[in-house]
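A.B. asks: Chains as they are written, first to last, in this note's numbering: chain C, 57 to 318; chain L, 19 to 306.
To be clear, the hints were calculated from the coordinates, so they are not data collected in a lab. Be careful, since some hints might not be right.
Below, computed lysine-lysine pairings styled on DSBU-like, alpha-carbon distance capped at 35 angstroms [what the hints assert, rightly or not]:
#1 L:Lys81 - L:Lys118
#2 C:Lys135 - C:Lys245
#3 L:Lys118 - C:Lys159
#4 L:Lys163 - L:Lys149
#5 L:Lys78 - C:Lys159
#6 C:Lys245 - C:Lys159
Covered stretches of chain C, as calculated for chain L (at least 3 residues, CB under 8 angstroms) [to be verified]:
#7 158-168
#8 263-271
C-beta atoms are modelled at their ideal positions from N, C-alpha and C, and glycine is treated no differently.
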Amino acid sequence: MNAPDRTLVEAIGLSISFGVQNTRTRVVDDVSFRIRKGEAYGLIGESGCGKSTILRALSGLNGDYEGALVLGARELPKKRGKDFFRRVQMVFQDPYGSLHPRKIVERVLAEPLAIHGFDRPSERIAETLEAVGLGPSFRYRYPHELSGGQRQRVAIARALIIEPEVLLLDEPTSALDVSVQAEILNLLKRLRRERNLTYLMVSHDLAVIAHICERAGIMHQGRIIEELSAEQIRHFQAREDYTRAFLEASIESVARREEVGA
Amino acid sequence: MDKPLIDVEDLRIRFHGAHRSHDAVRGISFTIGREKVGIVGESGSGKSLTGRSLLKLTPKGAKITAKHMRFRGTDLLAASEKDMRRIRGNHISMILQDPKYSLNPLMRIGNQIVEAYRLHHNAPPAEAKAKALAMLEAVQIREPKRVFDLFPHEVSGGMGQRIMIAMMLIPEPDLIIADEPTSALDVTVRRQVLTILDELVSRRGTGLMFISHDLNLVASFCDRVLVMYAGRIMEDLPARDLHQARHPYTQALLESLPRLDHPVDELRVPVRDPSWLDGPVYRNGVLV
């Protein structure tokens, strides 16, 4: 399915610190990873482990980092240009906070098109709404007229409308109900297949990561302590003690489910 | 002893609007004994409102009616605000989702716990302090003396939640209502908090009403589960039987979760059948 091992996104020795002088702490410490084109890569960890900080640095929201971030074959400048955002888009955690409350869906979607100079805006908006499973009737609605799941679909549509190659997903379903989470996860999976997208997804939910991603980095105290494939996560094949403890704590209820299944 | 702590029949909670009224809870009946009862449902199913109605802490516009709503023989419906103040905290206490918003940010942690104790027990300050320190230790806070003097912003989320639990347990209530007590916590911390809660509940014989949206968590933690949908209890069954649930809604919810032990290409999205709104309900796997 994928072109053989063509690395699309790469982090080399990424370190990020916050604070000044003696209160300065290293939140991300010498992190490196590679994501191939068309691959979905996850970052898992508990709050404060630095996973969202990496995403913010990669998306250009925080230019204060050491090390290198690479897209394609070229190192990204600290201050990202327009062409970067054309290729990389982000979907945020909270669909209630990430949409402008005074803009109807059409304006939300028209904006990135205007910025990047796309033609046929009206058709593109209709197509993208269709692709994320929202009908034309949603076009002229305000965010407060939408449910949480519908808002997250609009947020995904906004990211997709300029046809990027990479989607950065910051806990895209953690604010949603389980049934809505299932809808959004199905949507993300389908879109990736249809458009050959590359995902970098941050989550604290192992099952969600294993469902979407092929590989994941387990983060602890600012480092990726190990990388596991989805298969290894499913079979709890971890080398590090911390990962094992983390898997166990997430699995508590799963152990009982296996009894039921047996 | 076998008499339930809470006995509710036909509870209804209605919000009156200018043009139309909305029934958030539509005629539910349940009992809670000295056990762990989980209430699961999606947002808007009425689960939190049900919990709050037991303490009469529902929003102003809500109108509560029921055939009866008793707490150990006390009629909660007829209870005055003064009676309720005696029940709240002392007999029924509530653990909320996020310690960040439920602890007083301007008061040292120890003093908040002492206050919770002295409000209900006529104890001298020194005794209350000793009791608070012991309670902090009981919720596995390593240096209770140091934590006693901290402010809420100086502790982590998991620690804050354990402090909340300490504060709610110190008046030794008969029933604890926990509204999503662990959804703001990381998995490892969540496990810690649940272990403490489980231990304290089973040792003291306290009843626990555990409100959550996490089906798997409830299945492994609680004794009994009530599944709520659109203001009704669709299914009432022992937690260990949750995966053999009969109601299509419960089944659909379970299937919509991604599972580590059972990979699927596409998750099943629950299709809501309008007939569920007033349709059949199941108790212990049997149609009622």
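A.B. asks: Taking the numbered hints from earlier one at a time, note which ones the structure violates and give those numbers from smallest to largest.
C.D. replies: 7
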